[in-house]
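**Student:** Spelled out from the first residue to the last, the chains are:
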Amino acid sequence: MFFVANRQTIFALIGFLALAAVGALGFWGLRFGIEFTGGTIVEVAYEERPDKEFLEERIQSASIEELGGFSLRASGDAGYILRTRDVSEAEYQALKGALAVPNAGFEEERRATVGPTIGEELRNKAFVAIGVVVLLIIFYVAFAFRNVRNDEDGEEDTTGVSSWTYGLVAIFVLIHDLLIPLGLFAFLGVFVGAEVDVLIVMALLTILGYSVNDTIVIFDRVRENLLKNREDRVEESFADTVGHSLSQTYARSINTSLTTLFVVGSLLVFGGSTTTYFALTLATGVLAGTYSSLALAAPLLVAVEERQRKKRESVSS
Amino acid sequence: MNLTVYRAWSVIILLLAGFLGWSLYSAQVSPDSESQFKFGLDLVGGSHLVYEADTSAFASSTNRAQAAEAMAALRDVIETRTNLFGVSEPLVQVERASALANTDTPDRLIVELPGVTDLEEAVKMIGATPQLEFKLVAEVEGTSTEPVYEDTGLTGRYLKRARLEFSSTQGMQAGFANEPLVMVDFNAEGKELFAEITRNNVNRQLAIFLDGDLKSDPVIREAITGGTAVISGNFTAEEGRELVRNLNIGALPVPIELASTQTVGATLGKDILDKGVKAGVIGLGLVLAFMLIWYRVPGVVAALALIVYVIMMLSIFMYIPVTVTAAGIAGFLLSIGMAVDANVLIFERFKEELRNGASYEDAVQKGFKRAWAPIRDGNFTSLISAIILFWFGTSIVQGFALVFGLGILASMITAVLVTRTFLVALSGVADKSPSLLQGGFKK
Chain A
1 MFFVANRQTI FALIGFLALA AVGALGFWGL RFGIEFTGGT IVEVAYEERP
51 DKEFLEERIQ SASIEELGGF SLRASGDAGY ILRTRDVSEA EYQALKGALA
101 VPNAGFEEER RATVGPTIGE ELRNKAFVAI GVVVLLIIFY VAFAFRNVRN
151 DEDGEEDTTG VSSWTYGLVA IFVLIHDLLI PLGLFAFLGV FVGAEVDVLI
201 VMALLTILGY SVNDTIVIFD RVRENLLKNR EDRVEESFAD TVGHSLSQTY
251 ARSINTSLTT LFVVGSLLVF GGSTTTYFAL TLATGVLAGT YSSLALAAPL
301 LVAVEERQRK KRESVSS
Chain B
1001 MNLTVYRAWS VIILLLAGFL GWSLYSAQVS PDSESQFKFG LDLVGGSHLV
1051 YEADTSAFAS STNRAQAAEA MAALRDVIET RTNLFGVSEP LVQVERASAL
1101 ANTDTPDRLI VELPGVTDLE EAVKMIGATP QLEFKLVAEV EGTSTEPVYE
1151 DTGLTGRYLK RARLEFSSTQ GMQAGFANEP LVMVDFNAEG KELFAEITRN
1201 NVNRQLAIFL DGDLKSDPVI REAITGGTAV ISGNFTAEEG RELVRNLNIG
1251 ALPVPIELAS TQTVGATLGK DILDKGVKAG VIGLGLVLAF MLIWYRVPGV
1301 VAALALIVYV IMMLSIFMYI PVTVTAAGIA GFLLSIGMAV DANVLIFERF
1351 KEELRNGASY EDAVQKGFKR AWAPIRDGNF TSLISAIILF WFGTSIVQGF
1401 ALVFGLGILA SMITAVLVTR TFLVALSGVA DKSPSLLQGG FKK
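As given, the protein sequences belong to chains A and B, one line each in that order. 1 is the number of the first residue of the first sequence in our numbering; add one for each residue after it. 1001 is the number of the first residue of the second sequence in our numbering; add one for each residue after it.
Some hints here could point you the wrong way.
Listed next, the in silico BS3-like pairs over lysine-lysine satisfying Cα-Cα at most 25 Å (straight line) [to be verified]:
id, chain 1, residue 1, chain 2, residue 2
1, B, Lys1278, B, Lys1038
2, B, Lys1275, B, Lys1038
3, B, Lys1124, B, Lys1191
4, B, Lys1160, B, Lys1215
5, A, Lys228, B, Lys1369
6, B, Lys1160, A, Lys96
7, B, Lys1191, B, Lys1160
8, B, Lys1270, B, Lys1038
9, A, Lys228, B, Lys1366
10, B, Lys1191, B, Lys1215
11, A, Lys96, B, Lys1270
12, A, Lys52, A, Lys96
Read the hints as simulated data drawn from the structure, not as lab findings.
One chain only, chain B, in its complex shape (with noise of 0.2 Å):
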């Protein structure tokens, strides 16, 4: 290739830093912009629960795929849940137990509730399961007062819809106008039970049992084979909904138990950021004045290659998105140290070339040609470490172990051809003014 491409070349990347430059900064300028940073729970505060789930049940190999099933069953009761108790974006996920890790540990649910910080009533919305059971009242021999209830067998299990009623003044007793009734349609195998168990205990009560509270026990007048069954009785329309909507949601396909919690308040969230980005811009400050002053003008090439680098990588958690994390800002940061270290290998060998009497043109093929192998190795051990690190795994460490990988990619792609095509570039004023260049590299 000819100098000339090369500076069009370097002319392209700065326009298009300078593009993306912009498009981030107007981004964050105004707020009801679409693109704008993904932060992670903490920083912007919020609840990350942990559950593990008792898929014992499905314990034989064979039965792996169900219990996946019921955790993705799992899954979508509790984000419907989530999504109910109005939290904006909330994350819910299954992590099965690995291959690789023990067969003992537990499948688990993760949630995140950005923004909830009272983790009692989250736990609570969560934890919710109203269990429908229908019993009836066994008739006692002698003067008992506590009744008995026999099982019948029918539950919520039988459900196929719930919905809220209000008595209308026909029709009813005087006093029931206007209470909320939950109506509840079993689906064909709970409508043939209803049925069969009305038809052999006519003038038997049949109680309505809701999270083990007994809500009513009407006594049965005909068999019933439509179906629905009414409850009634000491709710307010309220909870007559709440009802209505718990039951519809179903009870969890499989028990679960709280196993951690996390909780960070919003205002400890927004220190840590802010506290972040002004270590990170003091950081990245004190880094591009060591390039200036050391290497001098190609201390300004690295400088710009440095700039550059650190807009592709905002450009890619903005627009991918990644989602940040205090734990991601510190590897971008240590990223911005590293990134560095590509240049200084490539500028020390320039140095060593110029020293040794090399052209200018010479100076830089050769640098960049023997400063590669020292690059590609220790990257790639770097690599090692993140994917590693991603491997680890939770939420956390991936997070900056993602950051930290794509920081070494991205850094090795700015220092070979970012840096190169600046220096490649500059090669016409080198010839013309070598002083101005190899200011920083005295003989």
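Next comes chain A alone, as it looks inside the complex (with noise of 0.2 Å):
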């Protein structure tokens, strides 16, 4: 199989994208929305856009006491979003005063505010969640291959991996698959403001889920052709069952991905506003999540048999 026998360059190819993902995080890093930094965010639509200058001018001379930074991002067809530090009733007024020009057909079309505290409590509420989800599905995956060495004649089976590698190397491909999508928001975040919102972090979590679900249908194969070779006491290297394994399931792979992108990507072209970057976080994710179960995981299951197998021939020898 292919993805198996150039393990080496594609491991290069995958590394260095997350890398790259790594970098955009560690240089930009990522905006986050007020949800998860407390402030006031407000969508206003005009019938013709205002000039940005006249509009913050008129913004910093509503004179609204310790407004500090604000940014003011032009979005829809002819309106602005603004984000401030999170503002009092009173003076969201004032600001509403300065936002609503005279004779260009203002409307509010959605405002929040969010307090610090309930940000900073949904902020660490999400990375337990995400941490959470890891954990639970590095045990599941873990018991669910429990059986994958045949320890029940009391023999040492030396056949493959063990239960927690799979688990392990399930969770090393879920983290890529979250970097890479990350990795493109703290690029989008600097050059077209894209925020790290509520609904992302949901995407993030529902990625969890569908590319373990990827990976578990390749390892399922592999653990399915290894009882079938115990079975049939055939002898085949632990790496031709897994690129066997991986000639089985790469069209389910590949089907499942392209149903699941056509409704993301229908989501990312016709769908409103408010889920564009949930799509587009899906639709990165979907598309990172299959092409790492087939060409990363699958491999680098490979990669820790051939080590380990070394490691023990070095010592018995």
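Each of the two chains sits in its own frame; use the hints to bring them together as a complex.
**Tutor:** What follows is the structure, encoded as structure tokens:
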């Protein structure tokens, strides 16, 4: 199988992508939405978009005490999104007065204010949620693959790798699948002001479930083929077994990713503005999840097995 | 089970789905139908407010139960206020600081007001806390013009009921005729306190304050033992009615502070909904087309199973009902893409078995048996994600998690029960014209 045979090159390619994502995250960092940082966000629409400098001046001259920095970005057909620190209701009315340019067909489309404590709490919760999902998945995979080696006869079975390795490899792949969309967000945050909000965290958690699903289907095939070989007393290298398993599952992997991409793609293209970045995160995650289970998860199993086998052989010799 | 049973079930499933689909459709075309989808604030427009309640008075752990009681009372007061405001289906709920979270996270009150986009008005209405106080005007030595007031301890806390009356001309000085009067009936404790204050302070002025404003300061003529005080002056009949209403609703049992707000205009919400539906229809169309082109006749089976799945989910949304939000629509779309996964797994296995020379029936049976483990394991991990998301839960996230979790379960059911039933039911046909069913599966 191509992916197993060329794993060195593929690891290098994937590693490069992952490094680029880490670099983007380290260099630019993520732009968090007000749900996580606290603050006020207002989306307004006009019939004709007023000048940005003009609006900024109006906001400045609204003279709200300690308003500090704010960001004004064009949005929609002729609107703006204004982001500030969390303002009180009275302060907001002053801001609204500044935004309501006379004769410009001003309309407030949506707004949200989040206090700093709620933001911090949600941020912690998001980290905990992702951590808990990752942990549960390791345990589940290790549990589901607990009989992958046949130790029942008391003799140590050294075919392939241990059940924990499956879990750990699945997690390694998961981390990669999260890194890619996060890296993209660091990039988008700088260039188009994309923010990581609660919807994005939801998308990331969904990717966790999806990606592992994809990986598990392949691992499951490896497990089945190992069992079959044991029953039929076929001697086959672990690399070959994994290679066969991959050829047997790639059609399904690609088909499922395609159908998922169809719906996520149409959400990205035709869906409302609130779910654009959500759909983009999912699309990126699904793509990353697909190539990583085929080109990273399975070949990694082989690489780990090879290393363990060599170690064992050098010890016994 | 023999073939006839499978065929009967296939017909039943199709009829049932058809019936559900028809009732969903007819509910949508007739706007006055009772069953309608329930849409979230982000789709219909409205305000979402989060208040933090200061329950520090109940800080010690033994008082947690009392804090819970106070929060429930707070909820009731706020709910009454939102109802009076004329909001249709307001949602007021308490979010208790959970045992898992930090101990310093405050108790919260979440208020959802569909259709209310004037946040300023809403906040004012919810935050209105009428405070009624009775104070004695102190006898000040000298010629100070500023009167000094002494607290009497008598406040709105002792209020039993407030009512509006209009003074009659009889027994009243001229000029006060038809003036709105707010009658305040005290409870037993208040009655006693009021009697005591009036008895000890005859000929002094008793000032009545509302929200810190002096309303009137009548002179006490004699001890009042009936337990009813009269507030008069400086308000119109309309203001009097409002005052009575606010006094009866009572002060908030716990001080609250606005922690976060969210408002979505109705036009934006409508736009998001329309676009979400459009994206859903196109996405579903693409998936169906793909299944038909790639798997041919079995693809028809998968397409039917997917349609059954969509109808099943929409029925759940409508009849449970599940509040549909933008995130919920996204979760549902995602689940459509993933629902096919189980079918794809089964078909790929089925194809393999056929390729290995199995008969149609054998291939169906083995395909299902072999595909079950990955379907189960894969969906289980997705279910873990959904459960954690639900726990993570602000209301937006929970909407998504619920839809996503239900979707995973429903897709497993349709794949394993519906697809299988259809495929087995078709086996007689497959024997007669094998090329038909295996069209997409060239050996």
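**Student:** Does each hint hold? Answer for all of them.
**Tutor:** These are the hints, each one checked on the structure:
no.: 1; hint: Lys1278/B to Lys1038/B; verdict: holds (18 Å)
no.: 2; hint: Lys1275/B to Lys1038/B; verdict: holds (17 Å)
no.: 3; hint: Lys1124/B to Lys1191/B; verdict: violated (32 Å)
no.: 4; hint: Lys1160/B to Lys1215/B; verdict: holds (20 Å)
no.: 5; hint: Lys228/A to Lys1369/B; verdict: holds (15 Å)
no.: 6; hint: Lys1160/B to Lys96/A; verdict: violated (42 Å)
no.: 7; hint: Lys1191/B to Lys1160/B; verdict: holds (10 Å)
no.: 8; hint: Lys1270/B to Lys1038/B; verdict: holds (13 Å)
no.: 9; hint: Lys228/A to Lys1366/B; verdict: holds (15 Å)
no.: 10; hint: Lys1191/B to Lys1215/B; verdict: holds (20 Å)
no.: 11; hint: Lys96/A to Lys1270/B; verdict: holds (23 Å)
no.: 12; hint: Lys52/A to Lys96/A; verdict: holds (15 Å)
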